[in-house]
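From first to last, the protein sequence lines are chains A, B, C, D and E.
Okay, so the first sequence: first residue is 1 according to the numbering used here, each after it adds one.
Okay, so the second sequence: first residue is 1001 according to the numbering used here, each after it adds one.
Okay, so the third sequence: first residue is 2001 according to the numbering used here, each after it adds one.
Okay, so the fourth sequence: first residue is 3001 according to the numbering used here, each after it adds one.
Okay, so the fifth sequence: first residue is 4001 according to the numbering used here, each after it adds one.
I should point out that these hints are in silico values taken from the structure, not numbers from a laboratory.
These numbers were taken from a predicted model, which means no experiment stands behind them.
For each residue, glycine too, the CB sits at the ideal point set by N, CA and C.
Incorrect hints may have been included.
Claimed, not checked - Rough simulated footprint, nothing fancy, chain E against chain A, three-plus residues with beta-carbon under 8 Å:
| # | region |
| --- | --- |
| 1 | 84-93 |
| 2 | 156-166 |
| 3 | 251-263 |
So you can see what is in the structure, the chains are spelled out below.
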Amino acid sequence: MSTTQSPPAPGPAATSSLEPAGPRRRRRGARSSDRGASRAFRWLATGAGALILILLVAVAVFLVIKAWPAISMPSDELVEKVGLLRNSSSLLDYVGPLIFGTVLAATLALIFAVPVAIGIALFTSHYAPRRLASTLGYVIDLLAAVPSVVYGLWGALVLSPIVQPVWAWLNENVGWFPLFAGKVSPTARVLLTVAIVLAVMILPIITAVSREVFLQTPRLHEEAALALGATRWEMIRMAVLPFGRSGVISAAMLGLGRALGETMAVLMILSPGFLYSFHILEAGQQQSIAANIAAQFPEADPLGVSTLIATGLALFAITLVVNVAARAIVARRKDFSGAN
Amino acid sequence: MAQRIDVKDLNIYYSDFRAVADIEMAVEPRSVTAFIGPSGCGKSTFLRTLNRMHEVIPGAHVQGTVAMDGVDLYGADVDPVAVRRQVGMVFQRPNPFPTMSIADNVLAGVRLNNKRISKGDAQDMVEQSLKGANLWNEVKDRLDRPGSGLSGGQQQRLCIARAIAVKPQVLLMDEPCSALDPISTLAIEDLIAELKSEYTIVIVTHNMQQAARVSDRTAFFNLAGTGQPGRLIEIDDTATIFSAPREQATEDYISGRFG
Amino acid sequence: MAQRIDVKDLNIYYSDFRAVADIEMAVEPRSVTAFIGPSGCGKSTFLRTLNRMHEVIPGAHVQGTVAMDGVDLYGADVDPVAVRRQVGMVFQRPNPFPTMSIADNVLAGVRLNNKRISKGDAQDMVEQSLKGANLWNEVKDRLDRPGSGLSGGQQQRLCIARAIAVKPQVLLMDEPCSALDPISTLAIEDLIAELKSEYTIVIVTHNMQQAARVSDRTAFFNLAGTGQPGRLIEIDDTATIFSAPREQATEDYISGRFG
Amino acid sequence: MTTIAPEAGSPQQGNPELRALLRQVDKKRHRVDRFMKGLVYLAFVLAVVPLVSVAWTVVSKGIERFNAYFLTHSMRGVYGGMDAGGVYHAIVGTIEITLFAALISVPIGLLTAIYLVEYGRGQLARSVTFFVDVMTGIPSIVAGLFAYALFAVFLGPGVRMGVVGSVALSVLMIPVVVRSSEEMLRLVPNELREAALALGVPRWLVVIKVVLRTAVAGLVTGIMISVARVIGETAPLLITVGVIDSINYNLFEGRMMTLPVYVYRQFQQGLVPCAPDQANCIATITYDRAWAGALTLILIVMLLNLVARLVTRFFAPKNFG
Amino acid sequence: GSDDPVGDSPSASGTTGGNGGGSLSGEINGVGSSAQEKAMDAWRAGFQSANPDVTVNYDPQGSSAGRTQFIEGGADWAGSDSALKPEELTQAKETCKSDAIDIPVYVSPIAVVFNLDGVTSLNLSAETIAKIFSGKITKWDDEAIKADNPDATLPSSDITPVHRQDGSGTTKNFTDYLNKAGNGAWADEAGDDWPLQGGESGTGTSGLIQAVQGGQGTIGYADESAAGSLGKVSIKVGDAFVGPTAEAAAVAVDASPRDDTRGTNDVVVKVDRTTTAAGAYPLILVSYAVACSTYPDAAKADLVKGLISFIVSPEGQAASQAAAGSAPLPDALAADAKTAADAIKGA
Ligand SMILES: Nc1ncnc2c1ncn2[C@@H]1O[C@H](COP(=O)(O)OP(=O)(O)OP(=O)(O)O)[C@@H](O)[C@H]1O
Ligand SMILES: Nc1ncnc2c1ncn2[C@@H]1O[C@H](COP(=O)(O)OP(=O)(O)OP(=O)(O)O)[C@@H](O)[C@H]1O
Ligand SMILES: [Mg+2]
Ligand SMILES: [Mg+2]
């Protein structure tokens, strides 16, 4: 660097400056540069974030306090005192199958729902005629309008009788497959039926979020793909899906959260059991944590309630683990997220 | 394998709005045709009908024929996907896929037709295309980084590399250099000169010097006013257009002291 | 009320990456300063530090001083919002607000700041600014239509109108004409010539003719290689730079047959 | 106008080689494209089937009792197989409790989403994002127990009122609001923020007037999802709000009825034993009321959705696409 | 909206005379058994119409939740399918500042229901029922069943027993019956939760009925009033078979002794499952109102006293019989209950 004009000394106008210009080497910029209303707004927003953490800590503390009597009590004593544990040897022994059942049901639901949801989101965003699309989107949103009690009723009264012969057929013909093994239930009040209802329930959440994300795919990128000679599907694969990837994962997490915590539908449809069983066509094999709490809470004595809340704590932990995993997936390709 | 394009009676619409009217022209093979004209006169719109990209806009449609070597691109049995593969395109705004690495961006089009491309071939192709777009030296160390991390100019050159990689017969470029610095612009212009021995090239530009430098033939578009459709005023050899245009409007447009 | 800008010891970072190093220059009031240089040399980056837009990018920060009439823009008690109001900016890519009509886009600087403005004043301001950006005639019949429906060039002129409407003291333009056709470019260049009697203008351009035409002083930036920071090579009167630059690098860059 | 006349020849002729190239689509790619299209349509049909089935079930079973009387009367003094009783009190409760829950959740959730997208860097933001996700996994009944315990600390045991339910629902609603809003805000292009900032607009106004404004359609969708998520909750409301058979407009005092609880309780009561000589006794009355209540609830959510749609349309960016 | 769906409320008719002559006013809140809900609706309606200024709330959260909240002071009285346990009595004493008492209010026969084509009634012994529910008898045409039902045409299909998945007083009474009357065929002691692993189940009485109706060859147990059109089992008492009727239930209650370890006015029935009294149906559920013998708040005491007195009165029992299909309290028990209710007083 040779010929740079050296700046002249600060002129008289500099009187207005509290801090005269001068060479100085320090890091400057961003962060604290907001002021006035902007700063207040930033604190407000940050406060809201912090409030959520506080709320969550409060819930966690509540869970731990309420669960503590059950957690801290020696197994033998607990098993003796709590009727719920009559078939278990310890609290862990009780929670284990519940965790298993909860995760199994939610996973199945997610496996059913995510591809369908992505399909519907694509349908409304990229396939359906424009004018029709928003109406069709609305139709799917209506699935979210159905309360879970109604899903429970529907699942038990309408769906179960319809799927029972199908399950029987599966059991008979594909019974070698571990999931379809066992003694098929004559009432179809089994985990697979529950998983289907859960899938229907979480479908609108996943669909709605995915649809919005897909709609936001920049035209530029879609056109880039088309101009390269991509078919519509290839365009979607090249531009739309990668762009919406993190959004879809978030949506799936929302759905998973709902599936994990869903109470009524499971409660009203499933014949529960406390086994580590993959037999999703057999009655009395699995149970979900949330439904179990709802089922047992009314007739549980204080120590029983404590035990149930301990299972709630376990559900909390599951959600934590699942989210860690999801986050890891998203973060792995963060640079490629397409977000600015 | 360059191709001749004949356009006849072409009207281009956005829903009910006729954006471009009554185009009739021929694009010669193995040559560079430049489109010039004021903003909004429909250069981009017309360009996009040449590879059927126009129709991806909802409500957009055309009337008339665009024939490539006598085959009507809008014929009933012609697949738009095949058309676009033969007629490549570079857009006004750089648009690399943000979710792909630089190398994958270059290979994006190639992968569509040939999924199992060997690693060596792929590397060669990436290198060749990027060199062709004068980007190789700048990105050779970070081929696996996302394409969106490049500067605007670098991104545009990446898009050019991507379009070149599919080896189309015709290459459409919509102001490809408007985001480029002179060095890259020069490189692209050189590239265009090189490519025209084999390909048919159509380029939209605002830069008349550029049109004069790179093109063999120049088409001038104009529009009577806002809401009016754009029209082709004249098309001729570049030398003729810039020295002795037939139309007064062309003369007026060109004689401005534009850059 | 033009302002003089003095830059001293300026280093600009993206997190740990030093994109621009050791800038030392003065921008004279009531004049047009052009930044030229190859892609990636940090012209845009430097320009954005002049109105503290750089720091909105996460991790981006600066070292050194940028003083406007002796007041350090990066001083502890300086409000970046106030800085940006005084130092307007037009971006490389047109970015009108999609939710606003054309008129509202022009008025954005006022409306977004919750300022009240009478209907008549607003209309005047819209008309004046759009005329200044040479867009009035094209859009006067559809001021209440969304700005995103315009062509690229029209959109960019809308952005210029928007920036002019706030009546800043300094106007930064990052390749404002790269998406414009010659007529609009001419209008903008005229506008720049008009504005410089009152404002301080800094413009980034790849078009050396443009730099030669519009600017009083020209700064040439360059970078030693990828990953290296961009540096200011020389700044001088435009005439001097284009006729007798002191540095060989400048000479080399300018003497290319660029457009 | 001087143009070179196009080469003669009808489009049916022309270069046969090229013609083949343009017609001959890669069969496999074409098939994949068609197949995926089929799948996408199938997905849609697959979702519509249960929807139609649920709708049909609820409407066909609920329509009989669904009338003006049902909508405008409470259950006070109704018991057994009486051919009487309605859901007015439950409608009041559902709307008040849900709206109040939204009133708590939407500001908190939206502000948090803004924090995460616009300001959040570093540890706090990471924790918030993470724990919001965790929060989606709180079982609803636990949320109810939590809200009950929270209020019991201050107001003593046995506290039953609408707000407690609203707080419980908020615990369930907030993460949904945050998560969906966050996604929508992230989709607002940075260019727009920069454009506004460069005009000298302070950050908070940029957020409110540009970012929120641009994202409003998505935000409304997200909020509707969250409302739909909680409006059908049963278990937490039974614990926190209790049940009542009379109309109570006061959110801050006394029990309230809500539609899902109403439906669940009616269903749980099961058949009524009617003596053969009892003329005014309907054995299936509780089931009839349950279905009619479900229909009411669905219609309310649909109505809310419709309003939200209109709002969205009103604010949506009006571009040409 | 209108709070007068029935159209006969005293305030609507404009006078407070007639049967609305009650002098009580105020509000009381109860929590407890959901089995009592149907009956409670009828009682509340009756009590409130007699005392127009009174509001009675009842949250059917479950017996145990009711007792817990009563002990915590969160409920003025509780409805419970089982009487307070000794330790609960001690805890309740602190809240009440006096002895807590149980008053029987509701007796319901539990029916063993089944869904089997062409069969509407069956005769089974407790032992056979126990074997069916524990999976030892798996076919409808099992010898044990056939022996008791010579006239029935029984298919050789599978029996699918259905139990309650949620904790419930019904399960407790049913398992108590199997355990005591089952001749050793049922080993597990009575409890709110179904003791065995696996099998079909339903939530709540309705859910269970639904499950039984939803399958073929299913069998379950539920409040007789909820049985609807399902087949009902007549159980073996002595040498005869008795069906689940209100009268038979009342006979069984009369045949059962009181729990004499309880204090005065704490009226608890120890149901004798093995009674052989003619026409008795010992598979019953006796449900209680749990209250304080003395309330710190006199007004509250009056309300609780008034409510429970109404419930155990012939009028109240008739109301619940009509609305919920319960069995009216036998005279002797009703008299004791009335004495206990009348003794409730304010401090
Ligand atoms: N998607 C669209 N929907 C409706 N009208 C459009 C659309 N895109 C462009 N137009 C209109 O069509 C006309 C031609 O636009 P086009 O973008 O082709 O012009 P251009 O010559 O490329 O301009 P520029 O030089 O600014 O790029 C203009 O009036 C424009 O407003
Ligand atoms: N947001 C960012 N984060 C990290 N690095 C960046 C970012 N933006 C630009 N850079 C890097 O900073 C350097 C300067 O970029 P800049 O955009 O300022 O160049 P330029 O001179 O404006 O180029 P062009 O002429 O292509 O616009 C480049 O190496 C670029 O890769
Ligand atoms: Mg264009
Ligand atoms: Mg730049």
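A quick look at each hint next to the structure:
no.	hint	result
1	84-93	holds (count 3)
2	156-166	holds (count 4)
3	251-263	violated (count 0)
In summary, the structure is inconsistent with hint 3 from the numbered list given earlier, while agreeing with all the others.
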